[in-house]
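K.L.:
In case you want the letters, here they are:
Protein chains: 2
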Amino acid sequence: MNELIIQKGKNALAASRQLVKLNTEKKDRALSIIAEEIDANREFIKSENIKDLQGGKKKGLTKAFLDRLELNDKRIDGMIKILNDVIALKDPVGEIIGMNNMPNGLKVGQMRMPLGVIGIIFESRPNVCIEVAALTIKSANGVILRGGSDAIHSNLALTSIIKKGLKRAGLPETAVEIIENTNRESVKEMLRMREYIDVIIPRGGLELIRFVEENSLIPVIRHDQGICHTYVDEFAGIDMAISICYNAKVQRPGVCNAMETMLVHEKIAPSFLPRMKIEFDKAGVELRGCKKTKTILRSVKDATQEDWSTEYLDLILSIKTVATIDEAIDHINTYGSHHSDAIVTDNFKNGMKFLTEVDSAACFINASTRFTDGNEFGLGAEMGISNQKLHVRGPMGLRELTSAKYIVFGDGQLRV
Amino acid sequence: MNELIIQKGKNALAASRQLVKLNTEKKDRALSIIAEEIDANREFIKSENIKDLQGGKKKGLTKAFLDRLELNDKRIDGMIKILNDVIALKDPVGEIIGMNNMPNGLKVGQMRMPLGVIGIIFESRPNVCIEVAALTIKSANGVILRGGSDAIHSNLALTSIIKKGLKRAGLPETAVEIIENTNRESVKEMLRMREYIDVIIPRGGLELIRFVEENSLIPVIRHDQGICHTYVDEFAGIDMAISICYNAKVQRPGVCNAMETMLVHEKIAPSFLPRMKIEFDKAGVELRGCKKTKTILRSVKDATQEDWSTEYLDLILSIKTVATIDEAIDHINTYGSHHSDAIVTDNFKNGMKFLTEVDSAACFINASTRFTDGNEFGLGAEMGISNQKLHVRGPMGLRELTSAKYIVFGDGQLRV
Numbered sequence: 004m005n006e007l008i009i010q011k012g013k014n015a016l017a018a019s020r021q022l023v024k025l026n027t028e029k030k031d032r033a034l035s036i037i038a039e040e041i042d043a044n045r046e047f048i049k050s051e052n053i054k055d056l057q058g059g060k061k062k063g064l065t066k067a068f069l070d071r072l073e074l075n076d077k078r079i080d081g082m083i084k085i086l087n088d089v090i091a092l093k094d095p096v097g098e099i100i101g102m103n104n105m106p107n108g109l110k111v112g113q114m115r116m117p118l119g120v121i122g123i124i125f126e127s128r129p130n131v132c133i134e135v136a137a138l139t140i141k142s143a144n145g146v147i148l149r150g151g152s153d154a155i156h157s158n159l160a161l162t163s164i165i166k167k168g169l170k171r172a173g174l175p176e177t178a179v180e181i182i183e184n185t186n187r188e189s190v191k192e193m194l195r196m197r198e199y200i201d202v203i204i205p206r207g208g209l210e211l212i213r214f215v216e217e218n219s220l221i222p223v224i225r226h227d228q229g230i231c232h233t234y235v236d237e238f239a240g241i242d243m244a245i246s247i248c249y250n251a252k253v254q255r256p257g258v259c260n261a262m263e264t265m266l267v268h269e270k271i272a273p274s275f276l277p278r279m280k281i282e283f284d285k286a287g288v289e290l291r292g293c294k295k296t297k298t299i300l301r302s303v304k305d306a307t308q309e310d311w312s313t314e315y316l317d318l319i320l321s322i323k324t325v326a327t328i329d330e331a332i333d334h335i336n337t338y339g340s341h342h343s344d345a346i347v348t349d350n351f352k353n354g355m356k357f358l359t360e361v362d363s364a365a366c367f368i369n370a371s372t373r374f375t376d377g378n379e380f381g382l383g384a385e386m387g388i389s390n391q392k393l394h395v396r397g398p399m400g401l402r403e404l405t406s407a408k409y410i411v412f413g414d415g416q417l418r419v
Numbered sequence: 004m005n006e007l008i009i010q011k012g013k014n015a016l017a018a019s020r021q022l023v024k025l026n027t028e029k030k031d032r033a034l035s036i037i038a039e040e041i042d043a044n045r046e047f048i049k050s051e052n053i054k055d056l057q058g059g060k061k062k063g064l065t066k067a068f069l070d071r072l073e074l075n076d077k078r079i080d081g082m083i084k085i086l087n088d089v090i091a092l093k094d095p096v097g098e099i100i101g102m103n104n105m106p107n108g109l110k111v112g113q114m115r116m117p118l119g120v121i122g123i124i125f126e127s128r129p130n131v132c133i134e135v136a137a138l139t140i141k142s143a144n145g146v147i148l149r150g151g152s153d154a155i156h157s158n159l160a161l162t163s164i165i166k167k168g169l170k171r172a173g174l175p176e177t178a179v180e181i182i183e184n185t186n187r188e189s190v191k192e193m194l195r196m197r198e199y200i201d202v203i204i205p206r207g208g209l210e211l212i213r214f215v216e217e218n219s220l221i222p223v224i225r226h227d228q229g230i231c232h233t234y235v236d237e238f239a240g241i242d243m244a245i246s247i248c249y250n251a252k253v254q255r256p257g258v259c260n261a262m263e264t265m266l267v268h269e270k271i272a273p274s275f276l277p278r279m280k281i282e283f284d285k286a287g288v289e290l291r292g293c294k295k296t297k298t299i300l301r302s303v304k305d306a307t308q309e310d311w312s313t314e315y316l317d318l319i320l321s322i323k324t325v326a327t328i329d330e331a332i333d334h335i336n337t338y339g340s341h342h343s344d345a346i347v348t349d350n351f352k353n354g355m356k357f358l359t360e361v362d363s364a365a366c367f368i369n370a371s372t373r374f375t376d377g378n379e380f381g382l383g384a385e386m387g388i389s390n391q392k393l394h395v396r397g398p399m400g401l402r403e404l405t406s407a408k409y410i411v412f413g414d415g416q417l418r419v
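Note that the protein sequences, when read in sequence, are chains A and B.
Just so we're aligned, residue 4 is where the first sequence starts under our numbering, counting upward by one.
Just so we're aligned, residue 4 is where the second sequence starts under our numbering, counting upward by one.
It is worth saying that the hints were derived from the structure and are not from the lab.
None of these values were measured; they are calculated from a predicted model.
All the pointers check out, no bait thrown in.
Copies of the same chain are indistinguishable here, so a pair counts whether it falls within one copy or spans any two.
Using 27 Å as the maximum straight-line C-alpha spacing, the simulated DSS-like pairs for lysine-lysine come out as follows: (1) Lys294 x Lys270; (2) Lys110 x Lys352; (3) Lys356 x Lys170; (4) Lys356 x Lys270; (5) Lys110 x Lys93; (6) Lys84 x Lys170; (7) Lys110 x Lys356; (8) Lys49 x Lys167; (9) Lys24 x Lys352.
The following block holds chain A by itself, in its conformation from the complex (with noise of 0.2 Å):
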């Protein structure tokens, strides 16, 4: 056991139960003390943040990478925003959701408390050190930060103006900690902690979330791959099929919520697809196809069945014909990843019945499945975008780190 690991978790939890006892003005000034302080220090973040890029550079690591990593003005000007937005939210904790009378007359409702402490994992972007403590403050949270080995003193900058933040405004410095070890074990250490943890989330790659579920004794929020579909109905205005479908692949591939596959009716494919394949064309996309498809788009690639579960992140579009909206239904429950789907129709039923049988996170009629976003759903800031069904699917904002535990109000009814 590594006691400093574990004297973070114990830190985190009895600042967790300070933290509850504040009103939402108090957690509020400590955001906007941050914001301040981040302000303030901006010439500290960028030369740590250097320290980064140049051990990434000398690593070899790519440029998409290294962009995520670099912490210029613009990002930081962002991370103020976000401290700002954050500061907006309505404050959940304390919320109560119904009280109700029964019969013996107590009064039994639910109040949103925080859950705790949340351990998060992440990989390359510091900035979601500002994300998360925004988040976790203002629900009351204590919080556990774990960052990539590329990352770390940019994590470590950040993470040391929060404390002093926190401090400034009187609230426990500990309410958010990091972990300096990059190894393994300390991820593995963390996810012994039950007593002091109350939830889990992974945010990165297939691999660490493997991991992370295979070895986690705390529940875990499930922040994985999106291998996201665009079903053209047989029903569906042809413009709008192209313009949704083309947003979803072209507008930002590298992202979670754009499309990997799209499935076409059969009645639409032959004056759909080739108007479609011009768009894409143009765009660079390359396209896979299955048989049915191919009668149609002689030239483009054989789709096998490894490219029906596969996020490729890049200009690269798996495509199936099919013969009903049953075998797009079922297709998307088998090869999908349960996060972002959507269907283009002018058909009511059909609408109903996708929304209704697909069963994933996010399901759309008549619009891009890019929009699967905290900001976009009106949420503000989000801890990531679950998988999973437990607790929350999707976006996951200020709400979701909260539960409700049930208040009971008598006035000394006893139990027969």
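With chain A held as given, fit chain B onto it using these hints.
P.N.:
Same frame as chain A, now just chain B:
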């Protein structure tokens, strides 16, 4: 890998995808037919149950255990009642929770949907099969039952009747599956079937729960022990405090929501404790006190450190006298099991403080902890009582067998 168990997972998943398409009438009709089948097969149920009872007697199981195992006509009536109770409950599936207009015209809402497939691992009481199947069918979930070896004949008999009812109603029989194999390996197999099971619920002793937590790759809803407290505040009415503490300890000491530790403010202890002891003595409750308590109740046993974290499930009570309400809250949060805890007080501020700061699934003001129960809280039947904070705290009813997915209605919106 055990192919038979995996096949049951596949079956239950496929069945759940069928159930989600059904309206409430069809699901209720199936529950009603199952109730008919139970009534028509009383002799079969009792004759299979006798095999378990005889086996149990041979193995020398305790009288209390054999009592829980027995299925007599009264218990069979109880199972029929539960089916009718669940029919009367509002169907949560498809309920739309809010639908907000976004600035770009998207309508973003949430819709309650089944969790998918529930795996439940339980001990002794065979009527759990009926309660669980009623709840999972109504909430359109598949379920895989894994009961203990002592009740295997009864569990198989009840499951065969459920399947018969499902078939008669035209629903997939495989919506309710049971694992016949009662060794630990079959549990381990279930716990790795993350492709087919969405949630695991262990109901049983601490050892079973630890085994499940340590081996599961699937999210677990822990139904753990109940170390429940009643805190008698300095501003408590003494008569009410006596009746509430007596009820919480004595009315049914063998259950999870019974009181195990009584906390008493030192200002009220001299007038409260001697009168309370008279009542507990009449009921044969063994008292164990801290040092301060023993200055008032000299004759009681010493409470050891271990007593504070023991679930007696018996007529034994540990008593601690505290100097402040903060000391009481701190004791509960440190030694309790986050289940059910009560304050007796006439002081508004202390009541609200207790409600906010005690980190338990159910917090009571001026009522017995014995009320933590699905029926008493107005939920109807329950899957069990959750001790964890993710997804559900306290009684897990029909609604908690669903979670909310996002639904989005557009008219061609694209992300910019």
